[in-house]
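With chain A fixed as given, assemble chain B onto it according to the hints.
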Amino acid sequence: MSTISTSGGDENIVFVHRKSYGQWIVGALVLIIVASLVHSLWTNPRLATDVIWRYLFSEPVLRGVWMTLKLTVVIFAIGLCLGLVLALMGRSANPVLRGTAWAYTWIFRAVPPLVQLILWAFLAALYPKLEFGIPFTDIVFFSADTNDVMQPYVAAIIGFSLIEAAYQGEVIRAGLLSVPSSQNEAAQALGYSGWQTFTRIILPQAMPAIVPPSANNIIILLKGTSLVSVIGAVELLTTVQQIYAETYQVIPLLFVASIWYLVLTSLLMLGQRYLERRYSRGRLTVGGELA
Amino acid sequence: MNAIREIAAEAAAAQPFVEMRGVSKSFGRTKILSNVNLSVRKGEVIALIGPSGAGKSTLLRCINQLVKVDAGRIWVDGELMGYRQIGNRLHPRKISEVLKQRAEVGMVFQGFNLFPHMTVIENVSDAPQRVKGLSRAEALAISERLLDQVGLLARAKSYPAALSGGQQQRVAIARALAMNPKVMLFDEPTSALDPELVGDVLEAMRGLAAQGMTMLVVSHEMRFVREVADRVVFMADAGVVEEGPPDILLTNPSHERTRKFLERLL
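Line by line, the protein sequences are chains A and B.
Numbering-wise (my numbering), the first sequence opens with residue 3 and increments by one.
Numbering-wise (my numbering), the second sequence opens with residue 332 and increments by one.
Okay, chain A solo, but in the shape it has when bound (with noise of 0.2 Å):
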């Protein structure tokens, strides 16, 4: 935004640009590089650009988009809020909650999620009738027969679900650690509660450094619930495995999903953006500028 004026007789002074002609020519060699790739594969009859249209907007490959979709954000808000939960009991002054936070975060990541899917899926091995009571005691105030409960996408959800909420609690956990503690003695001298201090001081100063990895987290999760075709249930990566098993139009029906992920992950960027500007209030960026 600064302007530089000449003042009295310096008028004719006139600034030369370096000449940045190696710039130029990186710049064009990577162009050309790229494009010819862009080219060959478009122009591949091999990629039939033909099948690719007539199944992007198939019916069965809408499902198992909106069923990606569906499953992704319903196992990221459910991970998110347990890992809320479980950052805050680690934050805890008791031992207890701190270390019940810290060994299901160690499991959780331990375990890989193909082993925890098929757990859930196959819970009747190990518990053939599920019942909601008093511990220690006969009272059942629910029963029912896990098999019956635990379709395919519920094991999914469940499963996948408890894993992330090992991830976010330590991405919020960090976010948490950002914001340094005299932000905490300043709000609680002033006489805020616990709950307001962490709601209107802490969090929204710690939502710059959680946002970043959270939009990670939700991208990888987008691809990893493909997964859950073990267990039977069925999303975007399995429609077009199914429908290449049948057609052998491989290559072509990959790319259906590949455009389909990049789309569902550029909107998720939009939305990590947004969080991004919504949070950066009263930060200064590099130049030193407010944000």
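No wet-lab data here; the hints were simulated from the structure.
No false leads were slipped in.
Cβ pair distances, simulated, as ranges:
{"id": "1", "chain 1": "B", "residue 1": "Arg554", "chain 2": "A", "residue 2": "Ser22", "range": "54 to 62 Å"}
{"id": "2", "chain 1": "A", "residue 1": "Glu278", "chain 2": "B", "residue 2": "Gly496", "range": "25 to 33 Å"}
{"id": "3", "chain 1": "B", "residue 1": "Ala492", "chain 2": "A", "residue 2": "Leu49", "range": "49 to 57 Å"}
Cut-off 20 Å, straight-line C-alpha distance, at most; resulting in silico cross-link-like pairs (SDA-like, lysine to any residue):
{"id": "4", "chain 1": "A", "residue 1": "Lys72", "chain 2": "A", "residue 2": "Val156"}
{"id": "5", "chain 1": "B", "residue 1": "Lys399", "chain 2": "A", "residue 2": "Ser195"}
{"id": "6", "chain 1": "A", "residue 1": "Lys72", "chain 2": "A", "residue 2": "Met152"}
{"id": "7", "chain 1": "B", "residue 1": "Lys399", "chain 2": "B", "residue 2": "Arg420"}
{"id": "8", "chain 1": "B", "residue 1": "Lys488", "chain 2": "B", "residue 2": "Thr450"}
{"id": "9", "chain 1": "B", "residue 1": "Lys373", "chain 2": "B", "residue 2": "Arg562"}
{"id": "10", "chain 1": "B", "residue 1": "Lys488", "chain 2": "A", "residue 2": "Leu286"}
{"id": "11", "chain 1": "B", "residue 1": "Lys399", "chain 2": "B", "residue 2": "Pro423"}
{"id": "12", "chain 1": "B", "residue 1": "Lys399", "chain 2": "A", "residue 2": "Arg93"}
{"id": "13", "chain 1": "B", "residue 1": "Lys431", "chain 2": "A", "residue 2": "Thr199"}
{"id": "14", "chain 1": "B", "residue 1": "Lys513", "chain 2": "B", "residue 2": "Gln396"}
{"id": "15", "chain 1": "B", "residue 1": "Lys425", "chain 2": "A", "residue 2": "Gln198"}
{"id": "16", "chain 1": "B", "residue 1": "Lys431", "chain 2": "A", "residue 2": "Gln198"}
{"id": "17", "chain 1": "B", "residue 1": "Lys463", "chain 2": "A", "residue 2": "Thr201"}
{"id": "18", "chain 1": "B", "residue 1": "Lys431", "chain 2": "A", "residue 2": "Phe200"}
{"id": "19", "chain 1": "B", "residue 1": "Lys488", "chain 2": "A", "residue 2": "Arg283"}
Positions of the beta carbon are idealized from the N, C-alpha and C atoms, including for glycine.
This is chain B only, laid out in the frame that chain A set:
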């Protein structure tokens, strides 16, 4: 009639407004405060001086219960802080009572500690709404008056990051005052500031003292201490070494420890 009122006022002034009796605090094995007694009258300005590690900051933090004492009792305006005494047993007060007591003690920190995600006016007006339950309009009116008082009403819509350190500290003073506190605690309010910014902050504090605010100030701004403080308390090694009026304590201290400290400072 007037005479009676004067006598009553004098009697009130003689009563300690902030009182600490036998206050001790350790962090781990380090003794920070050891059996400290201090009594402050209403409207009095106390300057706490002493070498770092003497326990000055911790003493302030004990008064508004940011630090929990190991032993001893603290009263503000006749009310025992943090506890209810029944017989010779101290029962912890309800959280809501503790929060109310904290809100009645204003604190200004060395590092300002403004909330960076809120504008200046939000910084000042948020706690009166959330903690005291004032309406938005009431809170804004109070905040604008206080920002005007510290000379920063024009910056109400700015974020703290856009202000100089001295301006931030004056906002922090307005923020603490917005809760209408009974006593103000200042923990080295000018030591993080560039020299040319110190004056405005001290000016705001001087005005506050002139209005009759009870103040405990940890400060090494000797000119300010000499001019504004009613009493200087010299602390060292977790306790009060001596106290007295500034012109006596600063020029003719009775303890060797005080003399050595002042020699190094001046």
